[in-house]
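Visitor: For reference, the chains in residue letters:
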Amino acid sequence: MLDDFVLRAMLAGVGLSLATGPLGAFVVWRRMAYFGDAMAHAAILGVALALGFSISILAGTLVAALAAGLAVAGLASRGQAMDAALGVVAHSALAFGLVAVSFLRGVRVDLAAFLFGDILTVGPAELWLIWGGAGLIVALVAWRWGALLTATVSEELAWSAGMNPRRERLVLILTLALVVALALKVVGVLLVSAMLIVPAAAARGFSRTPEAMAALAAAFGAGASVAGVWTSAIADTPAGPGIVVAAALIYLVSVLFSRFRAEG
Amino acid sequence: MNLIRAKGLGLSYGGRLVLEDVDFSIDRGEIVTIVGPNGSGKSTLLRALLGALPPSRGVVERQRGLRIGYVPQKLAIDATLPMTVARFLSLPFRQLPQRRAAALARVGAAGLEGRQMRALSGGQFQRVLLARALLAGPDILILDEPTQGLDQPGAAEFYRLIEELRRETGCAVLLVSHDLHVVMSASDRVICLNGHICCEGSPQVVSAAPEYRALFGPGTGGALALYRHEHDHHHHNGAEGRAGGKRDAG
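Protein chains in written order, with the working numbering: chain C, 1 to 264; chain P, 1 to 250.
Everything labelled a hint here was simulated from the structure, so no lab data went into it. No experiment lies behind these values; they were computed from the predicted model shown. Ideal placement from N, C-alpha and C gives every residue a C-beta, glycine not left out. One thing to keep in mind: the hints can contain errors.
Derived list of chain C stretches under chain P, where covered just means 3 residues or more per stretch with a C-beta under 8 Å from a C-beta of chain P [what the hints assert, rightly or not]:
1) 23 to 33
2) 152 to 161
So the derived label-pair ranges between C-beta atoms look like this [unchecked claim]:
3) C:Leu70 with P:Arg64: 28 to 34 Å
4) C:Ala142 with P:Arg99: 46 to 52 Å
5) P:Pro37 with C:Val88: 35 to 41 Å
6) C:Val99 with P:Leu66: 53 to 59 Å
7) C:Ala59 with P:Arg28: 51 to 57 Å
8) C:Ala235 with P:Gln116: 50 to 56 Å
9) P:Glu164 with C:Arg31: 51 to 57 Å
10) C:Val109 with P:Leu66: 55 to 61 Å
11) P:Gly29 with C:Arg208: 37 to 43 Å
12) C:Leu170 with P:Arg28: 31 to 37 Å
A short list of chain C residues far from chain P (calculated; beta carbon distances all over 12 Å) [stated by the list, open to error]:
13) Phe5
14) Val101
15) Ala113
16) Val141
17) Leu149
18) Ala200
19) Ser207
20) Glu211
21) Met213
22) Pro241
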């Protein structure tokens with residue numbers, strides 16, 4: 001019989017995976033891995049600001065991640081080299097965040113919980129929040145799916161169909177910021193992009209269409225969440241990193257499967 | 001009413017003036033070809049006409065509700081993105097299987113639905129791109145060097161197909177190309193571009209124009225250019241050949 005907190009942790013991971021699956025597929029297709037990373041790192045700054053100004057941590061991280069995403073997008077469109085822009089934003093946001101947290105006197109901050117997640121302490125209210133947020137993201141991505149995919153394949157193709165690829169990029173940045181804010185509690189800022197990339201990359205080898213890959217990525221993320229939390233419950237391993245380890249193992253199997261299929 | 005019209009179009013890109021004072025229009029059923037050397041702003045002009053680049057000067061007007069069938073110069077589908085031909089044909093909007101099959105059959109690529117886009121040959125890929133453009137029910141087909149990577153007979157056949165499609169559907173065709181002699185014979189109008197419009201008119205008029213001959217001297221152009229100018233090839237070398245027409249856009 002599962003304890004309530006273990007069940008809640010599993011449900012939190014599964015809920016988050018429903019959003020990170022399709023969104024992670026776009027991150028992989030559009031090569032935005034470091035982009036997601038930069039937004040996640042900025043979330044620590046959001047935590048510090050939230051505690052400093054006594055607003056909700058979810059709102060703080062959402063705003064900080066969104067700001068980082070828009071900053072990187074802005075720098076990139078002004079012709080700055082993308083990887084340098086990402087490096088500057090990601091690491092300075094993390095460093096600013098860590099320094100800012102140290103100024104918070106009288107507030108006890110468990111930094112490790114934000115860096116690596118604290119999924120086993122997810123309460124019922126947070127669980128609703130995660131599922132609600134994930135539902136919002138899935139609805140948004142499903143609504144924009146055709147335009148997002150067309151803009152991903154080719155921006156000119158999107159323009160020629162009367163779509164605006166810049167708007168679709170903003171939709172992605174907005175949903176990524178929301179995912180970062182939701183994932184903070186589950187896997188922490190350092191492993192958010194792993195939740196986006198690893199299940200999607202694992203799904204690639206088994207998929208023939210973009211839709212299949214997005215759905216399979218969500219399924220793999222959900223499976224990894226259950227496995228990671230389960231292992232944590234029986235072997236006392238850290239749950240957030242355990243989820244990513246499970247996803248990485250799925251990825252490994254997928255790579256071997258693809259190679260086997262290519263040779264056979 | 002023109003399908004697309006540009007007036008006094010100027011475009012700066014990364015601090016460099018790429019297009020200057022371009023007047024352009026295309027009407028229903030016309031085949032218009034844009035030729036010009038590398039870096040002459042051909043693709044930039046197409047992107048401005050599509051609405052992907054806001055003009056720095058002048059205006060671009062597209063007819064309301066204009067349906068564009070666009071065939072890009074190159075389309076690199078990321079290795080991480082699984083995409084069957086059938087799925088690709090349903091971009092941006094979902095298409096019925098029988099419509100997809102008919103479009104593929106029309107361009108001579110029947111039965112490819114189940115293949116991955118990345119597994120197609122160059123010729124198959126171009127035909128699938130064309131089939132996708134046709135599924136939009138286009139008022140105008142816009143093709144950006146669509147025969148890159150095809151051999152001469154393959155390119156000639158591709159252009160014959162486009163001419164047939166124009167006859168069948170009455171759509172306009174706007175083409176950017178390097179395959180001068182093949183394209184010129186099929187075009188109603190040729191625009192010679194080098195940052196600005198050097199010369200414009202019927203294929204015969206353009207190929208006889210001194211601006212065109214300066215840009216596409218012997219050796220760089222197609223068979224038509226070669227045939228016309230063989231006798232004075234030693235006058236069109238190096239810097240003189242690149243200098244362009246009366247006005248140089250730089």
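Visitor: Work down the list of hints and note, for each, if the structure agrees.
Guide: Right, here's what the structure says about each hint:
1. With a threshold of 8 Å between beta carbons, the proposed coverage of the region 23 to 33 of chain C by chain P holds, since 4 of its residues qualify and at least three are required.
2. Interface restraint, the region 152 to 161 of chain C with chain P: holds (10 residues with C-beta to C-beta distance below 8 Å; minimum three).
3. Between Leu70 of chain C and Arg64 of chain P, the C-beta spacing of about 33 Å keeps the proposed range 28 to 34 Å intact.
4. Distance hint check: the CB atoms of Ala142 of chain C and Arg99 of chain P are about 23 Å apart, inconsistent with the given range 46 to 52 Å.
5. Between Pro37 of chain P and Val88 of chain C, the C-beta spacing of about 38 Å keeps the proposed range 35 to 41 Å intact.
6. At roughly 54 Å, the beta-carbon separation of Val99 of chain C and Leu66 of chain P lies within the given 53 to 59 Å, and the hint holds.
7. Judged by the Cβ atoms, the range 51 to 57 Å given for Ala59 of chain C and Arg28 of chain P holds: they are separated by roughly 54 Å.
8. For Ala235 of chain C and Gln116 of chain P, the Cβ-Cβ distance of about 41 Å falls outside the hinted range of 50 to 56 Å, so the restraint is violated.
9. One distance hint, 51 to 57 Å for the beta-carbon pair Glu164 of chain P and Arg31 of chain C, is violated here, with the actual separation near 39 Å.
10. Roughly 57 Å separates the CB atoms of Val109 of chain C and Leu66 of chain P, a value that falls within the hinted 55 to 61 Å.
11. One distance hint, 37 to 43 Å for the beta-carbon pair Gly29 of chain P and Arg208 of chain C, holds here, with the actual separation near 39 Å.
12. Taking 31 to 37 Å as the suggested C-beta distance range, the pair Leu170 of chain C and Arg28 of chain P conforms, at roughly 36 Å.
13. Listed as a non-interface residue, Phe5 of chain C keeps its Cβ farther than 12 Å from every Cβ of chain P; the least gap is roughly 36 Å.
14. With 12 Å as the threshold on Cβ separation, the claim that Val101 of chain C sits away from chain P holds: the shortest Cβ distance comes to roughly 36 Å.
15. Listed as a non-interface residue, Ala113 of chain C keeps its Cβ farther than 12 Å from every Cβ of chain P; the least gap is roughly 32 Å.
16. A cut-off of 12 Å between C-beta atoms confirms that Val141 of chain C is not in contact with chain P; the least separation is 15 Å.
17. At roughly 7 Å, the least C-beta separation between Leu149 of chain C and chain P is not larger than 12 Å, which violates its mark as non-interface.
18. At roughly 8 Å, the least C-beta separation between Ala200 of chain C and chain P is not larger than 12 Å, which violates its mark as non-interface.
19. Distance check on Ser207 of chain C: its Cβ comes as close as 5 Å (rounded) to a Cβ of chain P, failing to clear the 12 Å threshold; non-interface status is violated.
20. For Glu211 of chain C, the requirement that its beta carbon stay farther than 12 Å from each beta carbon of chain P is not met, with the minimum near 8 Å.
21. Interface exclusion of Met213 of chain C from chain P breaks down, the closest Cβ pair being 6 Å apart, not more than 12 Å.
22. Against chain P, the non-interface label of Pro241 of chain C holds: every CB pair exceeds 12 Å, the least being about 25 Å.
Checked against the numbered hints given earlier, this structure breaks hints 4, 8, 9, 17, 18, 19, 20 and 21; the rest are met.
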